[in-house]
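Here the sequence shown stands for residues 169 to 267, numbered as in the numbering used here.
None of these hints come from the bench; they were simulated from the model.
Some hints here could point you the wrong way.
In the PhoX-like style, the derived pairs of lysine-lysine whose C-alpha atoms are separated by at most 20 Å in a straight line are [stated by the list, open to error]: (1) LYS238 with LYS178; (2) LYS196 with LYS178; (3) LYS238 with LYS196; (4) LYS228 with LYS215; (5) LYS215 with LYS231; (6) LYS178 with LYS231.
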Amino acid sequence: VEGQNLALGKPASQSSIHLHDIVGSAEKAVDGNCNGDWYNNSCIHTKNEMNPWWLVDLGKPRKLSVVLVKNREDCCGERLYEAEVHLGNSLEDHGRANP
């Protein structure tokens, strides 16, 4: 369905969780809050690590026409530089084995 957020409320996970004054846990990316300001408690955040990843399980195979990646707006936009999006049903290497 065009315009429908298929990831909304679905199970999500990530390689690590940045713990500071706010917790950047994976489910924040699928909670419907699209505010790009970290201090509005709406962003995910991993620790500073090699090859971080974030994953959402849509529950069943779906045909997608658009994948929207929303970046932080308050700072740090460069952190998504060279980010990759992989789509598929393989969990091998946390989804990175998918095309």
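Now for the hints, and whether the structure bears them out:
1. LYS238 with LYS178: holds, 17 Å
2. LYS196 with LYS178: holds, 11 Å
3. LYS238 with LYS196: This hinted pair holds, its Cα atoms lying about 12 Å apart.
4. LYS228 with LYS215: violated, 29 Å
5. LYS215 with LYS231: violated, 32 Å
6. LYS178 with LYS231: holds, 16 Å
Violated hints for the displayed structure, listed by number in ascending order: 4 and 5.
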